[in-house]
Amino acid sequence: MKKKSLAFKLNISTLVLLFIFLSISVYAILVINKTNSYANDTGQFWLPSITATTNINRELTAAPRRLLIYILMWINKAPENEKKKSEELLEKYTKSLEDRYKIYEKLVSNEEEKKIYESGILHLDKLVKLMKEAQKTASENKGEEAFKIYREQVLPSVLEFGKELSNIAVINFKEGVKSTQKGSYLTNVTNVIMAIIFLISVIIGFIIIQIIFKSTKLIEKSSINLKEQSITTHELANNLQKSSKDLSDSVSEQASSVHETSAAINEITSMISRTAENAKESTEMAQTASSKADDGQKIMLELVKAMETIQESNIKLQNIVIIINQINTKTAVINDIVSKTELLSLNASIESARAGEYGKGFAVVSEEVANLAKISGKSAKEIQDLITTSQEQVNKILEITKERIDEGKKVTDEAKNSFTKISEDISSMFQVIQQISEATQEQGIGVRQISVAMSQIDKATQYSQNAVNNTAESAVNLVRQSEQLDHSAKEINKLIIGS
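Just so we're aligned, residue 1 is where the sequence shown starts under the UniProt record's numbering, counting upward by one.
If you're looking for bench data, these hints aren't it; they were derived computationally from the structure.
Just so you know, not all the hints are guaranteed correct.
[Claimed, not checked] Only pairs whose alpha carbons sit at most 30 Å apart, straight line, appear in this in silico DSS-like list of lysine-lysine:
{"hint": "1", "residue 1": "Lys-280", "residue 2": "Lys-148"}
{"hint": "2", "residue 1": "Lys-34", "residue 2": "Lys-178"}
{"hint": "3", "residue 1": "Lys-142", "residue 2": "Lys-84"}
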């Protein structure tokens, strides 16, 4: 792993983080759906069943009580209108008891509950039959006999039917508690998994920071070396420019001396020696400048690539950290909602079991459960939207990275071509200087034949003048390139180290 590039390490780290985010998202969706399933089971089956049994119990209490009142009215010889009203209420409560129990059949969810329900129907039919018998006996003005039927037959039948209702309520309560416990267990497992994933993300983030820190140190060191090389190149370019100017002056003097050769042989000899020395010095400078230009070209190429990678990686990491924080916030909201939903469900179960006739408060709890379920769904949607946003941002980052790399490559190629041209110019200058050296040697040998070689010296002087002009131009370009290189080194150093 140590031999891999910085881009490879950052890409691998990013892919790992993306995999973790996708895993969290999929797992969160599954957990939310499963929790909603448990909540739906409780809300659609067990809690409505408990409510229904409560209502049936209320009717079971009211109907026999109305029968007793009706019997007592006949025993006490109440007015006919009151008897009629009491009879209507008795029939109303009896019919309500039958209707409510028959409606409960839709809420039966398993075989055990079905058996108890069917047994309850038999007891209910028996109870209704006995109540009608007692009612008929009382209406025949046999109050004492009707009361005896009520006491010895109706009340035991009420207790038997009430026992069946209690069994149904116990089944619904147990199933509701079981569904709530499943949701609670799933929440605990989710909390542990999220904690583990958070720890892994922190470790990966620390590793990425270490990679960036070490790479920045290496680039900082390279930037310092580049700055030193640019200073050296600038000094060499200035020396070359100065030498080119001196060489140009020497060639001008040589051209003037050609016309005065017959009277200034000694002066020509001196100029030949000076030209040879300048040519040697120019050759050494040209070789050094060519080497430095090649080194500067390589360093600039590596530096541009490294800077592009670091800059784009920092942008990626900033977007990823923001998305992690948003997902953690939304996940905390969902966990809080799930906890509240469980607590409200449990409270609703306990309240409905204890409420009896006063079970109306259950409606408020049920409404709160529904509201929290809506909030949970909304938060789940927001998490999904955030995940979609994070994927789009990553795709945009990749596109931008590709464009930046292409631009960097273009700039690097242009810089490389410029340095290549400088190197070629220096090579040409080196060849010209060698030719100048050879020409001066020939001049020394041909001093005794000066009259014959005068035309050749004149041509060589003209050629030397052109070469010196080219050398001076190349020296100016080299100075300009060295200044640009120094400026680039300062800018890179400022980006890495600071102002």
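Hint by hint, which ones does this structure get wrong, listed from lowest number up?
Violated hint (a single one): 1; every other hint is consistent with the structure.
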